[in-house]
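There are 2 protein chains.
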Amino acid sequence: MHAAVIADRAAVGTLEALVDQRLSDLLPAADQPPALLHQAMAYSLLARGKRMRPILALMTSAHLGCRRHLALDAGCALEMVHAASLIMDDLPAMDDAELRRGQPTAHRRFGVDVALLASVALLNRAFAVVAASPDLPAEARIQIVAVLADAVGSQGLVGGQVLDLRARSSHMRESELEQLNGMKTGALFVAAAAIGGIVAGAPAPVIETLKQLGRELGLAFQIADDILDGVEFAHATGKDTGKDVGKPTLGSVLGPAGARALFHEHAARCRDLLVTLDAQDAALGRFIEHCLAQANL
Amino acid sequence: MHAAVIADRAAVGTLEALVDQRLSDLLPAADQPPALLHQAMAYSLLARGKRMRPILALMTSAHLGCRRHLALDAGCALEMVHAASLIMDDLPAMDDAELRRGQPTAHRRFGVDVALLASVALLNRAFAVVAASPDLPAEARIQIVAVLADAVGSQGLVGGQVLDLRARSSHMRESELEQLNGMKTGALFVAAAAIGGIVAGAPAPVIETLKQLGRELGLAFQIADDILDGVEFAHATGKDTGKDVGKPTLGSVLGPAGARALFHEHAARCRDLLVTLDAQDAALGRFIEHCLAQANL
Chain A
1 MHAAVIADRA
11 AVGTLEALVD
21 QRLSDLLPAA
31 DQPPALLHQA
41 MAYSLLARGK
51 RMRPILALMT
61 SAHLGCRRHL
71 ALDAGCALEM
81 VHAASLIMDD
91 LPAMDDAELR
101 RGQPTAHRRF
111 GVDVALLASV
121 ALLNRAFAVV
131 AASPDLPAEA
141 RIQIVAVLAD
151 AVGSQGLVGG
161 QVLDLRARSS
171 HMRESELEQL
181 NGMKTGALFV
191 AAAAIGGIVA
201 GAPAPVIETL
211 KQLGRELGLA
221 FQIADDILDG
231 VEFAHATGKD
241 TGKDVGKPTL
251 GSVLGPAGAR
261 ALFHEHAARC
271 RDLLVTLDAQ
281 DAALGRFIEH
291 CLAQANL
Chain B
1 MHAAVIADRA
11 AVGTLEALVD
21 QRLSDLLPAA
31 DQPPALLHQA
41 MAYSLLARGK
51 RMRPILALMT
61 SAHLGCRRHL
71 ALDAGCALEM
81 VHAASLIMDD
91 LPAMDDAELR
101 RGQPTAHRRF
111 GVDVALLASV
121 ALLNRAFAVV
131 AASPDLPAEA
141 RIQIVAVLAD
151 AVGSQGLVGG
161 QVLDLRARSS
171 HMRESELEQL
181 NGMKTGALFV
191 AAAAIGGIVA
201 GAPAPVIETL
211 KQLGRELGLA
221 FQIADDILDG
231 VEFAHATGKD
241 TGKDVGKPTL
251 GSVLGPAGAR
261 ALFHEHAARC
271 RDLLVTLDAQ
281 DAALGRFIEH
291 CLAQANL
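First to last, the protein sequences are chains A and B.
The opening residue of the first sequence carries number 1 in the numbering used here; numbering runs sequentially from there.
The opening residue of the second sequence carries number 1 in the numbering used here; numbering runs sequentially from there.
Derived by calculation from the structure, the hints in this document are not laboratory data.
These numbers come from a predicted model, not from an experiment.
None of the hints are false.
Facing chain B, according to a computed beta carbon distance under 7 angstroms, are these residues of chain A, among others:
no.	residue
1	N124
2	F127
3	R141
4	S154
5	Q161
Partial list, computed: chain B residues near chain A (C-beta under 7 angstroms):
no.	residue
6	A121
7	A138
8	V158
Using N, Cα and C, we set each Cβ at its ideal position, and we do this for glycine too.
Generate the whole structure from the sequences, applying the supplied hints.
This is the structure we're talking about:
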């Protein structure tokens, strides 16, 4: 293996550990009352994960010249929102999933009531963490609150989940499924890249380019996930597979070859945007390549 | 009826209408996609309500010298959080309620999935509204985000709901039930009064006194609600009654006379705090009296 690849993997591993530690620090102690709530929050948030969203925020801000991890707390807030959305999606009233990251889903472990409240508490904690973010001016914190709320709201995760549950049908076209993926998955990648830019004090056009990069990466990532969901076994992805059987995805609508081709279109657009950001050979560019390579398409 | 009482009622009515209009303006249009989500948000948020929390924020800021309605949007954010918490509390996995404010609960009208997502979207929208609050400096907006998150979090609404569902038992003492009420009901009244102070740029000791006032008012209000829940019919309160049968409340633990006495203790503390704030004869003081009188104890 090329030495640079090994070095990049080590860098990502270091950031993963940094994020994991900070996530743990930002949660209320699991033995503090109400202990059951705090245990459920920790169970979902601290489960093994790739921490792609916080790392994207950190890599982006570093590329723009931040010498310290100013995006760490806001990145952790993204991971809290992500964990909150996974708990929600898995509920019996939604996807009714039994496994997530190789473990029983939160509602199977803690009951629907506590899982649901843990999800709300994680979303709420994300805003609290941003509000208390050390070393960031109030103006940057407020911009991040707004970016986070956009990612969650009716044009983001929540709106995407409503469409997923109520409007996903075999009549949906590629463009509609891409829009849905943009809301459900793209939104938090957009927010991650934007947060990196805000923290670094980047001008508006750069933040716009970063958002596009986040969107393309998120869309590529979701296609990979859809294809994996169709073909892999639970032990490979650590979550229920086949949950989307009967639901059209880009994988089912375009077929495996068509979905792969679309994945590579998004990957190519990521690379064009990295050139615009002069990041193609930088750590940020190599991190994006690392993410794309993980999809193994 | 005394002319001043009529004038005060008219003032409260004017503020209610102001809040109702602004709540409507701050929601996404009900016909904008995803329409079902936006309809569910409007259904719950715009249902008839007393708007006590936003009005408390407005009255407090006015008492401290704000000549314009600078607390209006943050007050509306409180009402969004309140509506979100009612949807959540009513879910089958929680209180399993059928009626709320005289109408079918959100999940009976829109399904559990959409009701739940509307609740999350309202909570999220609250933070978005504060972040975008016009005419407030970024520092004030960030303080309000923090106050809101404190009110929702594991020492506020969410923590209170976990205790309510999992720890409320006949062994609970008066002090524990008061703590629970402080989390479930007091928290948003505390936030309302604090927001009024923040918006007005009040010094920290004044904000502390305002929080105490909010807490005492919230506790008084919850005792009144517990007593009503035990003795009234659905058509009087517009929600299911007897839902707390079997669950101890201050009403059941202290008996009606004891609960009334405790209500009056909290009311007396409200009046003491109003004196501290030099608000006993001002519009703020009269509004608090109006709220206490509504409990009709």
